[in-house]
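Student: Required output: the full structure, derived from the provided sequences and hints.
Read top to bottom, the protein sequences are chains E and X. With the first letter of the first sequence counted as 1, position 9 gets the number 9 in this note's numbering; the numbers rise by one all the way through. Position in the second sequence counted from 1, then plus 117, gives you this note's numbering.
Read the hints as simulated data drawn from the structure, not as lab findings. It cannot be assumed that every hint is accurate.
To be verified - With a Cα cut of at most 30 Å, we get these calculated DSBU-like pairs of lysine-lysine:
1) X:Lys-158 <-> X:Lys-136
2) X:Lys-157 <-> E:Lys-16
3) E:Lys-3 <-> E:Lys-70
4) X:Lys-153 <-> X:Lys-126
5) E:Lys-3 <-> X:Lys-157
6) X:Lys-158 <-> E:Lys-73
7) X:Lys-136 <-> X:Lys-153
8) X:Lys-169 <-> E:Lys-3
9) X:Lys-153 <-> X:Lys-184
10) X:Lys-161 <-> E:Lys-3
11) X:Lys-169 <-> E:Lys-73
12) X:Lys-161 <-> X:Lys-136
13) X:Lys-169 <-> X:Lys-184
14) X:Lys-219 <-> X:Lys-139
15) E:Lys-16 <-> X:Lys-158
16) X:Lys-158 <-> E:Lys-70
17) X:Lys-139 <-> E:Lys-116
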Amino acid sequence: AQKITQTQPGMFVQEKEAVTLDCTYDTSDPSYGLFWYKQPSSGEMIFLIYQGSYDQQNATEGRYSLNFQKARKSANLVISASQLGDSAMYFCAMRGFAWAAGNKLTFGGGTRVLVKP
Amino acid sequence: DTAVSQTPKYLVTQMGNDKSIKCEQNLGHDTMYWYKQDSKKFLKIMFSYNNKELIINETVPNRFSPKSPDKAHLNLHINSLELGDSAVYFCASSQGGGLNEKLFFGSGTQLSVL
Numbered sequence: 001a002q003k004i005t006q007t008q009p010g011m012f013v014q015e016k017e018a019v020t021l022d023c024t025y026d027t028s029d030p031s032y033g034l035f036w037y038k039q040p041s042s043g044e045m046i047f048l049i050y051q052g053s054y055d056q057q058n059a060t061e062g063r064y065s066l067n068f069q070k071a072r073k074s075a076n077l078v079i080s081a082s083q084l085g086d087s088a089m090y091f092c093a094m095r096g097f098a099w100a101a102g103n104k105l106t107f108g109g110g111t112r113v114l115v116k117p
Numbered sequence: 118d119t120a121v122s123q124t125p126k127y128l129v130t131q132m133g134n135d136k137s138i139k140c141e142q143n144l145g146h147d148t149m150y151w152y153k154q155d156s157k158k159f160l161k162i163m164f165s166y167n168n169k170e171l172i173i174n175e176t177v178p179n180r181f182s183p184k185s186p187d188k189a190h191l192n193l194h195i196n197s198l199e200l201g202d203s204a205v206y207f208c209a210s211s212q213g214g215g216l217n218e219k220l221f222f223g224s225g226t227q228l229s230v231l
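Tutor: As structure tokens, this is what we get:
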């Protein structure tokens with residue numbers, strides 16, 4: 001079974017500063033993919049970044065980067081130069097290579113980020 | 118054009134009623150999903166269809182019945198609604214179930230059972 005844990009229920013960050021959102025996972029799958037999604041107050045789910053378990057380099061997408069530490073089973077999201085529009089819920093998710101499970105995307109409990117001006 | 122659209126956006130109903138939520142995607146994806154987000158924002162998969170075939174059926178009460186008339190549509194019918202069914206229901210789609218296949222979500226349906 002797959003499990004995603006986000007230990008920070010909520011956090012404040014000052015505008016223009018960087019923030020790191022923690023995500024740890026547990027899986028017995030040999031290959032897996034890790035995702036981060038953003039959910040603003042309007043409710044839609046927005047894909048941010050993806051990291052494959054065998055990718056050699058950490059993923060980056062604009063101001064988002066993923067600090068992937070495979071041995072520690074962690075996939076932390078770093079948002080650089082925070083903006084007011086970054087205020088939202090952030091979800092870490094994982095998809096494992098287990099056809100019996102239907103390759104579903106399993107989500108963590110989320111972290112609420114509030115950017116202060 | 119909206120990639121994944123679901124209707125209605127809001128659904129307020131009485132206990133015991135039957136209701137449906139419709140979902141359509143125009144991305145050409147062959148896999149569609151229903152997720153439930155509870156009041157604590159926890160997202161849990163309910164069902165997944167691949168080319169109209171049910172491939173994921175999590176532990177969901179029988180009152181919930183998905184239907185996929187074609188690979189672009191996945192509807193959710195709920196019988197005998199209960200207070201605990203109040204949640205936001207998200208439809209999503211992806212191009213297959215590969216490890217790197219991200220999900221595209223609809224805007225959600227806020228269901229309130231009174």
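Student: Within 30 Å, alpha carbon to alpha carbon, are Lys-153 (chain X) and Lys-126 (chain X)?
Tutor: holds, 14 Å
Student: Has the given pair, Lys-161 (chain X) with Lys-3 (chain E), been kept, meaning a C-alpha gap of at most 30 Å?
Tutor: Since the Cα atoms of Lys-161 (chain X) and Lys-3 (chain E) sit roughly 12 Å apart, the hinted pair holds (cutoff 30 Å).
Student: Between Lys-158 (chain X) and Lys-70 (chain E), does the CA-CA distance stay at or below 30 Å?
Tutor: holds, 27 Å
Student: Measure nothing beyond the straight line between the CA atoms of Lys-169 (chain X) and Lys-184 (chain X); if it is 30 Å or shorter, mark the hint as holding.
Tutor: holds, 8 Å
Student: Decide if the proposed pair is consistent with the structure: Lys-3 (chain E) and Lys-157 (chain X), CA atoms, cutoff 30 Å inclusive.
Tutor: holds, 17 Å
Student: Take the C-alpha atoms of Lys-157 (chain X) and Lys-16 (chain E), compute the straight-line distance between them, and say whether it is at most 30 Å.
Tutor: holds, 29 Å
Student: Given the hint that Lys-219 (chain X) pairs with Lys-139 (chain X), test it: the Cα-Cα distance must not exceed 30 Å.
Tutor: holds, 21 Å
Student: Lys-139 (chain X) and Lys-116 (chain E): Cα distance at most 30 Å?
Tutor: violated, 38 Å
Student: Taking only the CA atoms, is the gap from Lys-158 (chain X) to Lys-136 (chain X) under or equal to 30 Å?
Tutor: Measuring from Cα to Cα gives roughly 22 Å; hence the hint holds.
Student: Do the alpha carbons of Lys-3 (chain E) and Lys-70 (chain E) lie within 30 Å of each other, as the hint requires?
Tutor: It holds: about 15 Å lies between the C-alpha atoms, which stays within 30 Å.
Student: So if I understand the rule, the pair passes when the alpha-carbon distance is 30 Å or less; does Lys-16 (chain E) with Lys-158 (chain X) pass?
Tutor: holds, 27 Å
Student: Run the distance test for Lys-161 (chain X) versus Lys-136 (chain X): straight-line Cα separation, threshold 30 Å.
Tutor: Distance of about 20 Å is within 30 Å: holds.
When each numbered hint is compared with the structure, violations occur for hints 11, 17.
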